[in-house]
Structure formats: structure tokens, C-alpha cells
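*Asks:* Below are the chains, spelled out letter by letter.
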Amino acid sequence: MATSDSPNIKKLQVRRYPPEENPKKTYLTEERGLWAWMTTVDHKKIGWLYLSSIAFFFFVAGVLALLLRTELLTPSQSFITADTYNQLFTLHGAIMVFFFLVPSVPAALGNFILPLQLGCKDVAFPRVNLLSFYIYVAGAIIVLTAIFTGGVDTGWTFYTPYSSSAAGGNIMMMTFGVFVLGFSSILTGLNFIVTIHRMRSPGLTWNKLPLFLWGLYATSVIQILATPVLAITLLLLTMERLLGIGIFDPAIGGDPVLYQHFFWFYSHPAVYIMIVPGFGIISEIITTFSRKHIFGYWAIALSSLAIAFIGFLVWGHHMFVAGQSSLANMVFSFLTFLVGIPTGIKIFNWVATMYKGSIDLKTPMLYAMSFLFLFMIGGFTGIMLGALSVDIHLHDTYYVVAHFHYVMMGGMVFAFLGGLHYWWPKMTGKMYNEFWAKISLLILFIGFNLTFLPQFVMGSLGMPRRYFNYLEQFQGYHQLSTWGAYLLGVGFVIMAVYLFHSMRNGKQAKANPWGSRSLEWQASSPPPLHNFEHHTPVIIHGSYDYHKPMSEFQLGIPTSHNGHGEEETVTPEPGPAEEADK
Amino acid sequence: MAQPSLSVKKEKPEHHHFVDADQQFEASKMGVWIFLVTEILFFGGLFAAYIVYRAWYPELFIAASDELDVFWGAVNTVVLISSSLTVAMAIRSVQLNQIKGLIINLWITISLAGVFMVIKYFEYAEKIGKGVLPGAHYTYDGVDHEKANIFFSIYYMMTGLHGIHVLVGISLMLWLVWKAKKGHFSSKYYNPVEGTGLYWHLVDIIWIFLFPLLYLID
Ligand code: HEM
Ligand SMILES: [Cu+2]
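Top line first, the protein sequences correspond to chains A and B.
The numbering used here puts the first residue of the first sequence at 1, with every later residue one more than the last.
The numbering used here puts the first residue of the second sequence at 583, with every later residue one more than the last.
Among the hints, a few may not be true.
If you anchor each label on the Cβ, the simulated ranges turn out as follows [said to hold, decoys possible]: (1) A:Met38 <-> B:Ala707: 41 to 49 Å; (2) A:Glu30 <-> B:Ser768: 31 to 39 Å; (3) A:Thr205 <-> B:Asp800: 51 to 59 Å.
These are computed hints drawn from the structure, not numbers from a lab.
Keep in mind the model is a prediction, meaning the values are calculated, not measured.
Where a beta carbon is used, it is the ideal one built from N, C-alpha and C, also for glycine.
Generate coordinates for the entire structure from the input sequences, incorporating the hints supplied.
*Replies:* This is the structure in C-alpha cells:
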């Protein structure tokens, strides 16, 4: 029962052992102190460093959003000037995208979970991992400096020629900061790919790889292929301001549409950097809380890669009205529709996983279900925008704003929060308060829809995006949207309170509070410094084998004297008796 | 292959989180290869800009490329190709555990890279002297084309970025020499040498593309 019957798989003797409950020594109790944290190469602590940084940026950009929405309560100027308004939406967008959403799941949660799911002690290059965090910090400092030395009002897309010659502020520094940040993203992607290829524990074949890791893998591929192109684009833009390079600046002879091609060649794939890891989280949560084997494992795994691939071919759908040839428009429109196929495959498989499962409506599961609902709206409206004639009407309206908020916030942020609640017991060793978690989710869900549903309507009625004033007929929609935004703020405050509270006073978490079958739950909560007590675990069951009893899911470790004899027989010794979860 | 071996007889890895030295070697090699892919895409953006502008203004490229000095470009190509050879010899030396050979070969490579940069410096100085500057600052009137400045923008971006890569390569190799002198490398552990070698080949290959694309068109 211990190994598969495939002939050329190495046979090992394994000893089973259950994870330690209430561990005394964990990664949190060892290597303590500020200096130890700041210089740590432990993937779990680096995950925390990222998590706290992105939480900070989420807060900053969130406050900016509330300011923007407050200004929009009235059709004319309420309390900030038009120029300030432009700066605020630029910063809101740029910070949310580059400093929060892109690193959110991969660098924060992924860093923590990936080695645990692979059964290794750390990522392949721990020092590079720390370096990538500091590159992120450096990028952040540069961007913050740019904000305080003039700001930027180009929008997060930095379109030329406005950004290359007309706009004031400190664009050079801003684009340079984002350029630096890109390298952090590249290094994380590189690290993850190598780790997944080279560091899987024995028994963890590609067809047992948890779907979260498939998601991270696809994301990493996009990160290493697309981010360098953004880097060179922003470098060119920086040089445009610094040396007057002029490749994108029509005043000197350059071509501004070329900039848009370059930018979207990165940024459309980047929107998948911002969603595919979320898909991975949803797969994990849905099977765990449906107590059922994931439906269509390969379909889900490969559709992530398919999305990553097609995502590289659709950038032109952002430029339908930018003077592209109509042939190009048609091709890009068609390719955009294709993205819907792998995305749909995923949704169907998730729903099929839930079908006839025994669904447990814990907070992470509720997040996953909200995700399904909101992401579908986001995805479908994306298809509509991909239709040429429709897009000409809707381009640069609030409809687009609503579309990408449904995918980025309703999709990715909800998936991220689902993952955070799902892995919180593992990361902190503490349980949060279910009741308040559900209340806050309810508020977020209502607040989110209240904020963004009206935007679809006003967008289709012609309300353009990035405007500081508007016609009076839109006021009702704008006010609904602003009240929704305040509600979102309340939801997040509640969340911050109960999460912090749980860190100090939460109930001690069991090693596997959700009864999940995947490997990270076979380590204690919180895990020891080297994840699996200095041993390399042997993976015997698939991480979605819910048809097997929980008692079989103890970690196997190779007994010390074997591993070199190919012909050695497998006699798994029964582990110490222990109570099973189920 | 991808599965780490559990054998206790394996070489101990340099860093504790690897199961054994083989795994570490494979991992670092793969890491370098992926890094090189990102480098190619990074330069790829510039090549794309080159292709677009060349397709739009073919006559501009032919005229402006006359301003570049084919002789010194060719010399630099030879210099870089030789340095690729010497860096390969450096790797060979360390594989044979000949640390002295490693250090000598690294020094030769560093010097060749230095020669490349010196020649590049004179090329730049000569152009800047006549007012061949990128984009907005272009004042030279020897090329009869209104977009001549854009050609030189692309020229400076491509060769400048490549030059920065050469400088990075020089620093990496100086660091290797320093490590090698401290006895860090042996035939059992030389991942950084191998990685730097791969990087250096890439820098070389990029130049092999830049040279004909910029200097040899007409
Ligand atoms: C089914 C998949 C999707 C399709 C078919 C789709 C399609 C589109 C189209 C056609 C546009 C251009 C609208 C316009 O500017 O007129 C657009 C804009 C946008 N989409 Fe999507 N999209 C999809 C998924 C996503 C995802 C997953 C994200 C992010 C996580 C995203 C984020 C955005 C953003 C940020 C913009 C606006 C960019 C800007 O101009 O500032 N989209 N989408
Ligand atoms: Cu897009």
C-alpha cells in the first residue's frame, strides 16, 4: 500500500509518524528578534515579511481609494482638486497592482506554503528569496520617494506621450521603482520553478502535485517570461525622461502606440499573474471543504498553463481603439474569446467537485464560493469587452473599471483572503474567530457588489473612467458605489481586528484543523524551523485522496538505513497508534 | 531525475536545505538557465523595437549604420569570442581540480572583457564628440534622415545595456577569482563558476547578434 506499482519507482522503507500537536519548538520560537527576522532565509519568515509589506500597501492604497470615492460623492468638486484626484487614482492603481496584487499570493502565501507542499526544507535558493524581498523593499522606497517628490498622474499604465513629455511630477522615479520591483517578481518566479522541478520529495510525482503548486508554476512561468519585457519597457520610459531616448515619444520621432504594445505585452499576462495563483487556492479550498477528490485534476492543472500561454497572445484587446489595423483587432478579439475556454473549464471542475461532496461551510469555503460568483461576473464581462463593437462603446468607461475590479478584487483578493484564512492556522498556530470571520466576509461581499455593480450600469450609460467630475444623472450610481466602498472599509477593519486578536488570544490550532489530505497539513502548526523535523518526507497518497481514511495520512519518512537499494522491498511499519481526525 | 535521491552515501550539499550535492548542482544550473531566459526576454524588448523601426525605416538603418566603425566592431567581436573560449577553459580547469588554471583563465577573460569596454569607450567618445547622441540631444547632421536620432537611441540602448552586462560579468569574475584564491572551489563544487560561465556566453551571444544588426547592414 505504500508505493505505486509502476516498475521503475524507487522503493523505500517508510516509517509513519503523526505530526506533533502543540509543538514547543516552532519556526516562530526559534531565531527570534528583529535582526533574525530581517536577515532570515527561512521561506516561512520571508512569507511573513512579504505578507506584512503587502498588508501595509493594501492599507495605503485602500485609503487612497476611499478618498477617491469620497470625492465622487458629488458631481462637482467636493474636497480635492482635479490634479490631486489624478494623482490619487494613479497611486491607488499602481500600488494595488504592483505592490499588493502581484506579490500577494505568490510571494506571501506561496513562499510560506510551497516548500511545505513539496516536502522540502526551503525553496531552492533561500538567499535569492531574501534578496527578492529586499529588491521589493528597494522598489517600494523608490516609489514612495517618487510620491513625495511630485507624485505621478498618468494612471498606472504610464501611457506615452503624456508620460514621456507632458506630465509633471516624478515619473522617472516612479517607473524606475516599478522597474526595480519587477526583478523581485522575476526572482520569486525563478525560485519557484526550480524548487518545483528539483526539490519535490520522493513520491511527489507531477501527477500528485497539489493544484496550488500548478497555479504557482504557471504564474512563475508568466513572471519570468513577461516581467523582463515590462522591465525593458519601463527602462526605456525612464531613459526617455532621463536622456530623451524618444523611442515612444512622437515629439522626437518615436511612436506612442509602440509603448502600448510593449506595456500590454507584459500587463495582460500580468493580469494572469494576478489571478492564476488565486485559482490554485480555490482548488485547494474547494476539495478540502467538499471532502471530495478534485474533479478533473489534469484539466485544472493544464488549464492554468493554457491560460498562461493564451494570455501572451491577447494584449491587443487593450488597444482596439488605439489605431490598430482592423485585421489585428479581429485576431486579438478572437484570441481573447479563447481565454474563456480554459477559464470555463476550471469553473466547471470546481463546481463538479462540490457536487455531491459533503460541503463544510467554513470561512475559507465561503470565500471560495464568493470567488466563484464574483469571478464569473468579471470573466463574462471580460468576454463582452473582448467583442470589438461592444468594446468601442465601453472602452475607457466605468464598465471596464467594474470588470477589472470584479476579477482583481472579487476574484483575486477574495481568493487571497480565502487562502489567508485557510492557511492562517498553519502560519500562526492559532484559530481565528469563525463568527467574526463570517460577519466580515458578509460585509465585504455586500460592500463589494454595492461598490462595483453600479459601475457596470453607469459605464454602459457612458460614464468615462478617470474623471473627477461627472454629469448629475450619474450621481445616484456614484453614491451607491461610495457607500459600498465604506462598507468594504468596515469589513477590512473587522478582519484586521479578529486576525490580530487571534494571533495573541486565538485557540491553539491542531496540525490539521480542516482534515485536509495535502502535505502542508502533515507538518505541525506552526511548522518547525525545517518544516519536517529534519527529514525528507515520502509522499504516499495523493493530496486529494479523500476516499482514503484520514488515519493513512501520516507522513512517511524513509528509515535511515535505506534508499540506495533499488530492489529493496517495502514493508511500511505501522506507525504509533494515534487518533485520526475522521 | 527530478526526484531527489535519498542515498546516504551521496556528497553532502553546500547548503543544508538540499538533500545532496547532486540536487544542489542541478538546481543551481537550472536557476541559471532560467535567469538567462529572462535576460533574453529583457533584450528581446529592444530587439522588438529594432525590428519595428527597421521595418518602418529600412533606408534609415542602412544610412545610419555607416556611421559605426565596422573595424572596431569586428575587433570587439573577436575579443568577446575569445573570452568565451577562456571562460570555458576556466570551467574545464576547475572540473579537473586545477585551481591555478582556473584563476589564470579567469584573469584572461577579465582582461579581454576590459579590452572590449575600452574599445567601446573610444567608440562612444568619438560619437558623442560629433554630436551623435540619443534622441532629443542628437545634433549631428551627417546622416540624411529625419529619424536618425531614433536609430542612435536604439544603438545606445542596446549597446549600453550590453555594456552594463559586461561590467556585471567582470565583477562576477573578480568575485570568482577571490573565492577561488580562498580555496572555495574544487572539482566537487564549482556551481558559481559554471553559472558565471553560462552568463558570460549569453553576453557574448547577444553581442554576436548586435554586431551584424547594427554594424553590418547595407
Ligand atoms: C476571461 C478573462 C478576461 C477577459 C476576456 C478580459 C478582457 C478584457 C478586455 C477586453 C479589456 C479591455 C477593456 C478596455 O480597455 O476597453 C480588459 C481590461 C482589463 N482587464 Fe480584463 N479580461 C479578463 C480577465 C482579467 C483578469 C483575470 C484581470 C486581473 C486579475 C483583468 C484585469 C483587467 C484590467 C486591469 C483591465 C483594465 C486595464 C486598463 O486599461 O487600465 N482582466 N479585460
Ligand atoms: Cu487584457
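*Asks:* Now, for every hint given, state plainly whether the structure supports it.
*Replies:* How the hints compare with the structure:
1. With their beta carbons about 44 Å apart, Met38 of chain A and Ala707 of chain B fall inside the hinted range of 41 to 49 Å.
2. The hint said 31 to 39 Å for the Cβ distance between Glu30 of chain A and Ser768 of chain B, and at roughly 32 Å that hint holds.
3. Between Thr205 of chain A and Asp800 of chain B the C-beta distance comes to about 56 Å, which sits within the given range of 51 to 59 Å.
Going down the numbered hints, you'll see the structure goes against none, and every one checks out.
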